[in-house]
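K.L.:
Sequence:
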Amino acid sequence: MPSLLEALERKYFSDYGSEDDDDVKEVRTLGEKGSSKRLISIFIPRLSPLMCVPELLVLNDCDIDRAGDFESIREKCQHVRELDLAQNKLQDWQEVFQIVMHMPRIEFLNLSKNHLSGTLSKSCVPPISNLRGIVLNGTYLNWESIETLLKNLPVLEELHLSLNSYKEILIDSTNPDSICENCHCKAYNCCHNVEIDKRSYDKCRKIPPHTALKTLHFTGNPVEKWTEICRLGRIFPGLEKLVLAKCPIKAIALVDDCNEGASYNHPNQIANEASHEFFPSLQFLNLSSSSIDMWDNIDRLARFPKLINLRVKNWPLWENLDCTEHERRQLLIARLPNVTILNGGGVIGADEREAAERAFIRYYMEKPESERPLRYNELTAKHGRLDPLVNVNFKPEKRVKIFLTYHDQTESRLVDINRTVQDLKLKLEKLLHLPSNKMRLFYLDQDYKDLGPEEMRFPNKLLYSYNIQAGDEIIVDEKK
1 MPSLLEALER KYFSDYGSED DDDVKEVRTL GEKGSSKRLI SIFIPRLSPL MCVPELLVLN
61 DCDIDRAGDF ESIREKCQHV RELDLAQNKL QDWQEVFQIV MHMPRIEFLN LSKNHLSGTL
121 SKSCVPPISN LRGIVLNGTY LNWESIETLL KNLPVLEELH LSLNSYKEIL IDSTNPDSIC
181 ENCHCKAYNC CHNVEIDKRS YDKCRKIPPH TALKTLHFTG NPVEKWTEIC RLGRIFPGLE
241 KLVLAKCPIK AIALVDDCNE GASYNHPNQI ANEASHEFFP SLQFLNLSSS SIDMWDNIDR
301 LARFPKLINL RVKNWPLWEN LDCTEHERRQ LLIARLPNVT ILNGGGVIGA DEREAAERAF
361 IRYYMEKPES ERPLRYNELT AKHGRLDPLV NVNFKPEKRV KIFLTYHDQT ESRLVDINRT
421 VQDLKLKLEK LLHLPSNKMR LFYLDQDYKD LGPEEMRFPN KLLYSYNIQA GDEIIVDEKK
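Residue 10 in my numbering sits at position 10 of the sequence shown, and the numbers go up by one each step.
Keep in mind that the hints were calculated from the coordinates and are not lab data.
Hints are supplied without guarantee of correctness; some may be wrong.
Straight-line Cα separation of at most 27 Å, DSS-like style, residue types lysine-lysine; simulated pairs [stated by the list, open to error]: (1) Lys151 with Lys113; (2) Lys430 with Lys367; (3) Lys449 with Lys461; (4) Lys214 with Lys367; (5) Lys382 with Lys367; (6) Lys206 with Lys122; (7) Lys214 with Lys151; (8) Lys306 with Lys250; (9) Lys367 with Lys313; (10) Lys246 with Lys313; (11) Lys461 with Lys398; (12) Lys438 with Lys401; (13) Lys241 with Lys214; (14) Lys479 with Lys401; (15) Lys167 with Lys214; (16) Lys461 with Lys401; (17) Lys214 with Lys113; (18) Lys398 with Lys449; (19) Lys401 with Lys367; (20) Lys167 with Lys313; (21) Lys151 with Lys206; (22) Lys246 with Lys167; (23) Lys313 with Lys250; (24) Lys449 with Lys480; (25) Lys427 with Lys401; (26) Lys367 with Lys398; (27) Lys122 with Lys151; (28) Lys382 with Lys430.
Given these sequences and hints, build the entire structure.
P.N.:
Here it is as structure tokens:
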């Protein structure tokens with residue numbers, strides 16, 4: 001398997017000859033009829049070799065298992081800022097550290113799907129003061145090693161830990177300045193923060209908060225409890241962007257909350273109002289494809305103080321909701337007063353928000369008071385009690401009663417006007433015992449009888465396109 005240096009030279013420095021080694025291509029052409037053949041030579045100069053590799057160096061899926069000569073790497077990679085080594089065969093973290101240390105300007109490193117799951121020795125990790133982003137997706141790195149990395153990456157702002165099969169977060173951080181907003185006591189000892197599964201808390205390794213990190217990708221890990229996600233909030237108190245897509249999280253709750261209709265003063269409900277406290281700076285949250293199935297969780301998301309961009313697609317809650325996608329969006333906008341971008345759409349304007357809030361009031365005004373969320377009272381105080389909208393049905397009738405005439409007999413029949421002329425013929429075939437290919441149909445509008453009947457000659461034409469009304473007549477004639 002090649003080293004990084006060998007893969008680098010193969011991609012950027014190989015197949016270059018000397019300046020005199022230019023290509024001369026011979027092209028055979030035919031002259032005019034009767035003339036002899038002749039050769040034309042085309043001179044193609046070679047490109048000069050690169051003096052150094054580009055700032056974005058991509059060497060993914062090259063079977064790299066080691067670094068190679070470090071001084072050559074330093075010489076060739078002096079301008080590299082981003083390095084993509086995903087899907088290689090790296091196993092030794094010392095090789096990784098040497099690569100980073102010999103690229104003096106590197107800021108972003110992708111190590112996805114390398115074989116780096118072994119535990120890192122704390123004594124072997126050098127401080128790396130320039131790395132701002134690292135991708136560790138599919139490496140299955142254990143939490144002890146992540147702790148070691150975090151201690152030695154002081155300016156790290158972006159971390160990717162997706163697809164690592166994490167069911168629990170086994171590191172935690174306590175912040176002595178954290179205060180519970182419910183009773184103003186120390187949050188970590190407060191009865192409201194019953195996360196406070198003490199055994200779970202005690203088994204976690206305690207580390208200082210990493211305040212520099214702003215972005216965390218945690219997609220596709222089988223974590224179910226929000227208490228685990230809260231650990232991430234404590235470890236990274238400055239977090240602004242958190243991606244939890246395809247994590248089977250069941251609720252934005254610190255304790256089990258299986259009864260959506262529970263009283264607001266119920267102990268579990270009071271505790272769960274603190275679900276946002278460890279994310280004071282969070283602006284973007286992706287919870288798409290989670291396992292959340294209750295509206296209370298949306299109300300808790302509304303309490304995140306800086307959350308403005310939210311994605312909540314593919315929840316079980318939406319599958320059980322009896323409304324259109326547009327109505328669902330309105331219900332979400334009305335419950336989330338601070339969110340300005342929802343599910344990746346455009347910015348929510350003032351007109352759309354007001355329409356959503358009014359639709360929300362009308363949606364819940366007909367429901368029992370016990371089913372109305374607290375947001376209903378807030379919005380009725382803002383907009384007042386609204387009159388229900390008049391229910392005007394603009395849908396065309398589907399079945400119309402017409403008169404059917406065959407020979408000298410006339411009888412009334414219900415006709416589905418969303419069917420075609422041919423469908424009607426097939427249906428009449430059984431009724432009149434007349435083959436459809438021997439049948440001619442004529443439409444007679446009761447309001448324009450003076451104009452006579454119109455032959456329905458197009459078999460694929462839909463009946464409603466004739467503007468058939470109740471009381472009109474269809475005449476059946478047999479072909480001669």
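K.L.:
Now look at each hint and say whether the structure bears it out.
P.N.:
Hints, one by one, checked against the model:
For a cut-off of 27 Å, the pair hint linking Lys151 to Lys113 stands: about 23 Å separates their Cα positions. Our distance criterion of 27 Å between C-alpha atoms is broken by Lys430 and Lys367, whose separation comes to about 49 Å. Using a Cα cut-off of 27 Å, the hinted pair Lys449 and Lys461 holds, with the two alpha carbons roughly 22 Å apart. Under the criterion of a C-alpha separation no larger than 27 Å, the hint pairing Lys214 with Lys367 is inconsistent with the structure, at around 42 Å.
Using a Cα cut-off of 27 Å, the hinted pair Lys382 and Lys367 holds, with the two alpha carbons roughly 19 Å apart. Taken as a hint, the Lys206 and Lys122 pair is honoured in the structure, with Cα atoms around 15 Å apart against an allowance of 27 Å. A C-alpha spacing of about 16 Å is found between Lys214 and Lys151, which places the hinted pair at or below 27 Å, so the restraint holds. Between Lys306 and Lys250, the direct Cα distance comes to roughly 23 Å. Compliance with the 27 Å bound is thereby established for this hinted pair.
A distance of roughly 26 Å separates the Cα atoms of Lys367 and Lys313; the hinted pair therefore holds under the 27 Å criterion. For the given pair, Lys246 sits about 10 Å from Lys313 by alpha-carbon distance, which is consistent with the 27 Å threshold. Under the criterion of a C-alpha separation no larger than 27 Å, the hint pairing Lys461 with Lys398 is consistent with the structure, at around 16 Å. With a C-alpha separation of about 24 Å, the suggested pairing of Lys438 with Lys401 holds against the 27 Å cut-off.
At most 27 Å may separate the alpha-carbon atoms for a hinted pair to count; Lys241 and Lys214 meet this at roughly 6 Å. As the CA atoms of Lys479 and Lys401 are separated by approximately 26 Å, the hinted pair is consistent with the 27 Å bound. Straight-line distance between C-alpha atoms of Lys167 and Lys214 comes to about 22 Å, which keeps the hinted pair within the 27 Å bound. Distance hint between Lys461 and Lys401 is fulfilled; the C-alpha atoms sit about 19 Å from each other, no more than 27 Å.
Restraint check for Lys214 and Lys113: satisfied, since their Cα atoms lie roughly 23 Å apart, inside the 27 Å limit. For the hint linking Lys398 to Lys449, the alpha-carbon distance of about 24 Å falls within 27 Å, and the restraint holds. Only pairs whose Cα atoms come within 27 Å are accepted, and Lys401 paired with Lys367 is rejected, the gap being roughly 37 Å. As the CA atoms of Lys167 and Lys313 are separated by approximately 22 Å, the hinted pair is consistent with the 27 Å bound.
At most 27 Å may separate the alpha-carbon atoms for a hinted pair to count; Lys151 and Lys206 meet this at roughly 12 Å. Restraint check for Lys246 and Lys167: satisfied, since their Cα atoms lie roughly 13 Å apart, inside the 27 Å limit. Note on Lys313 and Lys250: the hinted pairing holds, with a Cα-Cα distance of about 14 Å set against a maximum of 27 Å. The hinted pair formed by Lys449 and Lys480 meets the criterion: a straight-line CA distance of about 25 Å does not exceed 27 Å.
Restraint check: the Cα-Cα separation between Lys427 and Lys401 comes to about 15 Å, which is no more than 27 Å; the hinted pair holds. In summary, the hint linking Lys367 to Lys398 is not supported, as the alpha carbons are separated by about 30 Å, beyond the 27 Å threshold. Only pairs whose Cα atoms come within 27 Å are accepted, and Lys122 paired with Lys151 is accepted, the gap being roughly 9 Å. For the hint pairing Lys382 with Lys430, the CA-to-CA distance comes to about 62 Å; that exceeds 27 Å, so the pair is violated.
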